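J.: Please model the complete structure; the sequences and the hints are all you need to start from.
Here is what each chain is made of, one letter per residue.
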Amino acid sequence: MTTTTEPVAAEVWRDALAFQAPFLIEKLTRDHVVESAEEAEALFREVKRYLVLAAADHTVAWAMYSLRIDQVWHQFILFTRQYIDYCLENFGRYIQHAPSTAPPVENLAPPTRSTFDQFADAYERLFGEPLPDLWFDERGVTLDRRLVNTRAGTLSLRDSDDDMVELLGEDGRPLFAVEQVGRNALDFISRTGTFFVRELPGELLDVQKIALTSTLVEHKLLDLAS
Amino acid sequence: MVENSATGGVRQDNDSLVARLLEAGSEDAVTLTGYVGPGSREGYVRLFPGLTDMSKSIEIAQSDIVESVELPKSGLGAIALWVRRDAELHHHVVERAESYAARTTGRALEPARRGELRMMVRSHVRDVCTCEIYCDGTGCMPCTSNCLARAQ
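Residue numbers (numbering that gives the first Met the number 0), protein chains in the order written: chain A, 0 to 225; chain B, 0 to 151.
Be careful, since some hints might not be right.
Claimed, not checked - If you only want the chain A side, here are some residues facing chain B, beta carbon under 7 Å, derived: (1) His31; (2) Asp120; (3) Arg124; (4) Pro173; (5) Val177; (6) Glu178; (7) Gln207; (8) Ala210.
Rather than coming from a laboratory, the hints here were simulated on the basis of the structure.
Small disclaimer: the values here were computed from a predicted structure and weren't measured.
Heads up, the beta-carbon is just placed ideally off N, CA and C, and yes, glycines get one too.
T.: In structure tokens, the structure reads:
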């Protein structure tokens, strides 16, 4: 059988889920990847759950949907010895997180890639609770959050017919639009590589600054900075 | 109940779930969990993954179900089904017509409102991910880039 049900999972993967990594928590906190040890622990718990989910169900290529959790996974892997031991002891194999140029594995036909809904359903079945907020990067946006725009300088603005201003990609296709009150903020975002939410210029209220940027994070147009 | 010396004297129950699964050939099955309801045609049942969103379900031929067991922890009648690996599952998705039209006609942006701010966003971006991994019995495919969290 390739799929594990929740009651079985709780027992089978108990050690993998209970694993503690104080060295990682300390590094995440010290390097300001997270704001507190509690946040680091919470993110690391989700890394472990993600790895367990991937190991428990081989029928799907499980996608990683949170940059924050992905960052913690990266940091865990940097503790090479501990990460290898963790993988081998709990999953019997090394789970890689390779760069984009990684060659395909021979004789391993890729299964269907998960959708977010599939992932959320599988997570709830396996762990008996819905995906926590940590899986929704946009819910971590505050006025003091630093954001990254990796496409700064390649984006442009255009006024639309319905009194909105559109954000256009490099190919001229609309990626996003906001009503005119957000024009100055969107113009700033389109040109700026890194900024704090509170720095947005223009007439937006604080709650609107958060609304604008969290929506852009949700729709993969901005990233949370570590 | 029988005593079995091969199991070190541990009492075995021939009617236990494990015994029934082995007898039914469950090695060639996958486990699905959820809530069962009547199918839309005779000989089928419908499995809902959860009770919070009844818009999605799969229909399974009763002849493809190897075994089933109630999950007592759910308290709401959730069950686990062992389904033949090669069973054909019929997916049912209930979707608003306007959402379907937007998705299938490729309309670029759809309305969104947050914090009293009117916006237009691309649909289905939630499925864009940072990377993916998958495992078979012998190894795990590395996290790959074709799933990078970047707008296309």
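J.: Please go over all the hints and tell whether each is borne out by the structure.
T.: Against the structure, the hints come out as follows:
With a cut of 7 Å, the hint placing His31(A) at the interface with chain B is violated, because the nearest CB-to-CB distance is about 20 Å. Using the Cβ-Cβ criterion of 7 Å, the hint placing Asp120(A) at the interface with chain B is satisfied: the shortest such distance is roughly 5 Å. Taking 7 Å as the C-beta contact cut-off toward chain B, the hint placing Arg124(A) at the interface holds, the least distance being around 5 Å. Hint status for Pro173(A) relative to chain B: holds, with the closest Cβ pair at about 5 Å, below 7 Å.
Taken as an interface hint, Val177(A) checks out: its beta carbon lies about 5 Å from the nearest beta carbon of chain B, inside 7 Å. This hint holds: Glu178(A) has a C-beta 4 Å from the nearest C-beta of chain B, less than the 7 Å allowed. For Gln207(A), the suggested interface contact is upheld, since its CB lies about 5 Å from the closest CB of chain B, less than 7 Å. Interface restraint check: Ala210(A) against chain B, minimum CB-CB distance 3 Å, threshold 7 Å, status holds.
Hint compliance for this structure: hint 1 is the single one not met.
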